[in-house]
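Novice: Listed here are the chains, written in short residue letters.
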Amino acid sequence: MATTTTPNVGTAMTGRRRMNRQTSDLLWALLFVGPQLLGLIVFSLIPLISAFYLSLTNWDGFGSRTFIGMQNFIEQFQSPDLRIALWNTLLYTLIAVPGGLMLSLLVAMGLNNIAGKTFYRLLYFLPVVTGSVAVSVVWLYLLNDDFGIINTYVQSWFGIDLPSWLTDSRFVVPAIAVMGIWWGLGYNMVIFLAGLQNVPTSLLEAAQIDGANKWHIFKSVTLPLLSPTIFFLTVTSFIGSFQVFDQSNVMTGGGPGKASYTMVFHIYTLAFKDFTFGKSSAAAVILFLVIMLVTIFQLYAQRRWVHYED
Amino acid sequence: MASTTVPTRTRVRRGTGEKPGASRVQTIILHIILSIGAFMMVFPFVWMILTSLKDLSQAFIIPPKWIPDPVVWSNYPASLQALPFGRAYFNSFYISFIVVGMTLLTASMAAYAFAKIRFPGHEIVFLLFLATMMVPGQVTIIPLYLIMQQLGWVNTHLSIIVPGALFNAFAVFLLRQFIRGIPKELEEAAIVDGANRWRIYWSIILPLLVPAMSALGIFLFLGSWNQYFIPLIFLSDPNLFTVPLMLDQFKGQYTVDWTLLMAGSAIAVLPVLVVYLIGQRKIIEGITLTGLTGR
Numbered sequence: 001m002a003t004t005t006t007p008n009v010g011t012a013m014t015g016r017r018r019m020n021r022q023t024s025d026l027l028w029a030l031l032f033v034g035p036q037l038l039g040l041i042v043f044s045l046i047p048l049i050s051a052f053y054l055s056l057t058n059w060d061g062f063g064s065r066t067f068i069g070m071q072n073f074i075e076q077f078q079s080p081d082l083r084i085a086l087w088n089t090l091l092y093t094l095i096a097v098p099g100g101l102m103l104s105l106l107v108a109m110g111l112n113n114i115a116g117k118t119f120y121r122l123l124y125f126l127p128v129v130t131g132s133v134a135v136s137v138v139w140l141y142l143l144n145d146d147f148g149i150i151n152t153y154v155q156s157w158f159g160i161d162l163p164s165w166l167t168d169s170r171f172v173v174p175a176i177a178v179m180g181i182w183w184g185l186g187y188n189m190v191i192f193l194a195g196l197q198n199v200p201t202s203l204l205e206a207a208q209i210d211g212a213n214k215w216h217i218f219k220s221v222t223l224p225l226l227s228p229t230i231f232f233l234t235v236t237s238f239i240g241s242f243q244v245f246d247q248s249n250v251m252t253g254g255g256p257g258k259a260s261y262t263m264v265f266h267i268y269t270l271a272f273k274d275f276t277f278g279k280s281s282a283a284a285v286i287l288f289l290v291i292m293l294v295t296i297f298q299l300y301a302q303r304r305w306v307h308y309e310d
Numbered sequence: 001m002a003s004t005t006v007p008t009r010t011r012v013r014r015g016t017g018e019k020p021g022a023s024r025v026q027t028i029i030l031h032i033i034l035s036i037g038a039f040m041m042v043f044p045f046v047w048m049i050l051t052s053l054k055d056l057s058q059a060f061i062i063p064p065k066w067i068p069d070p071v072v073w074s075n076y077p078a079s080l081q082a083l084p085f086g087r088a089y090f091n092s093f094y095i096s097f098i099v100v101g102m103t104l105l106t107a108s109m110a111a112y113a114f115a116k117i118r119f120p121g122h123e124i125v126f127l128l129f130l131a132t133m134m135v136p137g138q139v140t141i142i143p144l145y146l147i148m149q150q151l152g153w154v155n156t157h158l159s160i161i162v163p164g165a166l167f168n169a170f171a172v173f174l175l176r177q178f179i180r181g182i183p184k185e186l187e188e189a190a191i192v193d194g195a196n197r198w199r200i201y202w203s204i205i206l207p208l209l210v211p212a213m214s215a216l217g218i219f220l221f222l223g224s225w226n227q228y229f230i231p232l233i234f235l236s237d238p239n240l241f242t243v244p245l246m247l248d249q250f251k252g253q254y255t256v257d258w259t260l261l262m263a264g265s266a267i268a269v270l271p272v273l274v275v276y277l278i279g280q281r282k283i284i285e286g287i288t289l290t291g292l293t294g295r
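Chains L and D, in that order, are what the protein sequence lines are. Under the numbering used here, read the first sequence as residues 1 to 310, first letter to last. Under the numbering used here, read the second sequence as residues 1 to 295, first letter to last.
The hints are simulated quantities; they were obtained by calculation from the structure and are not laboratory data. Do not rely on the hints blindly, as some may be mistaken.
Said to hold, decoys possible - Listed next, with one range per pair, are the computed distances between beta-carbon atoms:
1) L:Q71 x D:Y94: 41 to 49 Å
2) L:F77 x D:E185: 33 to 41 Å
3) L:L293 x D:I124: 18 to 26 Å
Even glycine gets a Cβ: it sits at the ideal position worked out from N, Cα and C.
Extracted from the complex, chain L is given alone in its bound form (with noise of 0.2 Å):
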């Protein structure tokens, strides 16, 4: 492809050159991006595109696929079980993103300004690199009704019986949702430190010679200049938190009986245990629409709330 301009050509052809300068960078572009763009094609936007398509479809992944129209979506809205869905992933979305920000933030705050800042944010973030399988494994040891280390230190110290976290349907959510909480916690921390950097010194010190007390400080400058932090860390966290899946699967199986059955769980369990890939469809789309309106949301209420330096 050595198409490129000689450079001792005369200036009458510089209007051709141009022209072919231009169809070689497109060229080198294309080659440039090329891997990248076949694997976007293939890997996603295809995909993205059947799936709209396989939803209005009825398919066993067999026989053949026949068009029902809005059928599944139908059908999906009815079904208890994409209710139930639903409801344990809004109740962990719940528990895990709002606990998770303010604990970090908190966390954060307290980090900001400290000796041995580095030590503490190498602990705090170990959990973040660990895969979620390993960490399941040991949550589930943890958290063991009969000789997990919690509840039998509770018991021995306070004499307080604490549920069975992961048997007793009304606690396996929450107790997912505060493993969660742990496992991103530093991941929100780092990012918090990174916003609390770009807050001025000298705005914090003309406030406190004003005689603002701590909280005011906090409420009236910190929190505005953190808000655009805050603001991408809601949004993604909501993003990351609809998709909870492995820690159920690998703790739970989804259980006992549906009590940590989540959306994934459901799309999952309708394609690849039930093998209706229609209805898994349909609820695939059901998610990312319910990702895109909590998204879009957000990006519209962000007005009210986040202020960006300008």
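Take the given structure of chain L and dock chain D to it, following the hints.
Specialist: Same frame as chain L, but now just chain D:
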């Protein structure tokens, strides 16, 4: 945090958090709270290691026994023999290395084009990359499965390697940000010398990308090593299992033998810990950087 009474308007000295006088107590209290927090973050791993070195009878003692006595090292070889963890290790390592290497190559190529070549449609195509980052993987999993079936890649490692190597919008985005920061002048000299685009990419851009790529590479390695959902869908032959899948299966068979299970977990986590401890600065920098792109 119960920071209600602030005694004086003591000026905070820059850099260290040392405050004179009364607030020294506050600093100490803060250290205690943060240490308790740090302990809670690390405790599950500590308990995993401690349990993995106990014999079975010690694992269930109430109140819990902390220090294993005797130290049962044999849990490690035993758990390696109980299931083909060695094989899973090999699978995970070679898959991760190919995925990381290929992603770094293809993503940096695409990133270079997006950052430096003004080709028609570059904005739309780049937007497409960004948009796909917002699509949850689970939404496309069924059609992806069908595509893999068509290609005959179900239950082969290709189903994990090829999409990983050829499609990573996040990596493209991250590297594009870096390349945009490289001054034009560097390239222009090369163009005058008659270098083509590939030469510019290979001998000018790529060497400058090494720090960014090493951070991204660590990221990609951790992501690939820890991947669970995709391998769960595509792999059914235990010989092809990666470490997380093997650990999940191990869990299913050994939930009674917690000492073996904790040894297995420790084995699964070990490479992650090593990579984390070596690359933790870069990981944090990388995460901070990508986090801030959300602004």
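Novice: Does each hint fit the structure? Answer for all of them.
Specialist: Hints versus structure:
1. L:Q71 x D:Y94: 41 to 49 Å: holds, 45 Å
2. L:F77 x D:E185: 33 to 41 Å: violated, 60 Å
3. L:L293 x D:I124: 18 to 26 Å: At roughly 25 Å between Cβ atoms, D:I124 and L:L293 fall inside 18 to 26 Å, so the hint holds.
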